[in-house]
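Visitor: Residues per chain are reported as follows:
Number of protein chains: 2
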Amino acid sequence: MSIDEFNLVYNAISFAIAAFGASTVFFLLQRTQVSPAYKTALTLSGLVCLITTYHYLRIFESFNSAYVLKDGLVIQTGMQFNNAYRYVDWLLTVPLLLLEFVLVLRLPHAETYKKGLVLTLAAAFMVILGYPGETLTTGFAKVIWWVLAMIPFSYILYEMIKGVGASIKTQPLVVQPLFKKTRLLIILSWSFYPLVYILPLFGLSAFVSIQVGFTFVDIVAKSVFGILIYIIAQRKSEIGA
Amino acid sequence: MSIDEFNLVYNAISFAIAAFGASTVFFLLQRTQVSPAYKTALTLSGLVCLITTYHYLRIFESFNSAYVLKDGLVIQTGMQFNNAYRYVDWLLTVPLLLLEFVLVLRLPHAETYKKGLVLTLAAAFMVILGYPGETLTTGFAKVIWWVLAMIPFSYILYEMIKGVGASIKTQPLVVQPLFKKTRLLIILSWSFYPLVYILPLFGLSAFVSIQVGFTFVDIVAKSVFGILIYIIAQRKSEIGA
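Taken in sequence, the protein lines are chains U and P.
Residue numbering for the first sequence follows numbering that gives the first Met the number 0, beginning at 0 and increasing consecutively.
Residue numbering for the second sequence follows numbering that gives the first Met the number 0, beginning at 0 and increasing consecutively.
Check before you lean on any hint, since a few could be wrong.
Each pair may be met inside one copy or between any two copies, as identical chains are not told apart.
Only pairs whose alpha carbons sit at most 20 Å apart, straight line, appear in this in silico DMTMM-like list of lysine to aspartate or glutamate [said to hold, decoys possible]:
#1 Lys168 / Glu158
#2 Lys141 / Asp3
#3 Lys69 / Glu237
#4 Lys161 / Asp3
Derived by calculation from the structure, the hints in this document are not laboratory data.
Same shape as in the complex, but just chain U (with noise of 0.2 Å):
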């Protein structure tokens, strides 16, 4: 690792420290701004945000002790950087972003109950059969857990589009562009993760873009998606609906 690459991966983490530490208190204290049917979502997603933060002070402090700039040289010190942070964080985080989603639809309840445990088992799912193949940089075995991490994926994409499709029609028209808009950035944001996973299949495997590119994309699965949600839920709060 350069010196550069060090600095650019010590700046991510710490950027993202104060962004969802920020987003935290934001989506917390914003719950004073929607009608109470929709400050469960606000809730969740200030919890999100705060599991984030904690997890990001991790990563950090286990990649100082994992790696010290000194006298211009970037030392690797024997210690250990953990890996596995990222997948406890998102096995918390990916079903609340989920149940974010489904709880400003405001559905029946039965609907509600239904939509939300399907979609958070397979959330939750998906990060369980991603982890084992994380740690694997080659072979056969990792592939076979990328297609099962997969499968619940592939699932959360088609209820996406078509379960919650159905939904949104529903919605009022003023905040339908809205919905649209924030699924778009569930799909693109979290296809970005399978890509980066299986990098290392074909030798592309970097450290410091995975750590980078993982880094960018919570932000904008996290924070910004929470804006959405935010901003779906005062619109909604305002006309009553």
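Based on these hints, arrange chain P on the given structure of chain U.
Guide: The following block gives chain P in isolation, referenced to the frame of chain U:
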């Protein structure tokens, strides 16, 4: 660096931590003192100061690991002082400062969205284009990055005078002078940054004056600015505007 200079930087950074920490609590608590339409602006003021408190804590930590005062001498430890914290901070806070201003104008949704989007994008580009030249102390490349960053900055100044100027004329008469003062504070304090940036080209670079200077202007551009935004929000709430 002399002992006096070391102490000056050390105490200025510590002063900033206290000032921004206190500002954060002030803005977040005072959300109760303004009507719902202005609570988001105060949330953003609080977030700007929270993000800045975090970065000054990091700058303090970085300064103390790079320089140590021992046996009456300032010793360089070999650890690097991280200059990037300020840029990472500005990347998050500068767009939010402009959003605060747009939000207290309380324009129609579409106009708030449009003005907010172009100003925050211009602010982000300004900071991103400024960073590559920050580490260069001399030469043509630094001038190029400075000129590139000045393009979005000039656009922001133009928009603050022209577009925002027109919006200020639609504000209640009682708050128009306050809006003009706040806008003047943005224009004057923000102009300080590109000046400090090109000082090294004239052989005037001084680590101490840059650190102390940036710290002082940060407090004006964020805390003092936030207080003006708060007063505007409070006056407008009082008259139901």
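Visitor: The structure should be examined with respect to each hint, and the outcome stated for every one.
Guide: Against the structure, the hints come out as follows:
| no. | hint | result |
| --- | --- | --- |
| 1 | Lys168 / Glu158 | within (14 Å within a copy, 38 Å between copies) |
| 2 | Lys141 / Asp3 | between (30 Å within a copy, 18 Å between copies) |
| 3 | Lys69 / Glu237 | neither (55 Å within a copy, 56 Å between copies) |
| 4 | Lys161 / Asp3 | neither (45 Å within a copy, 40 Å between copies) |
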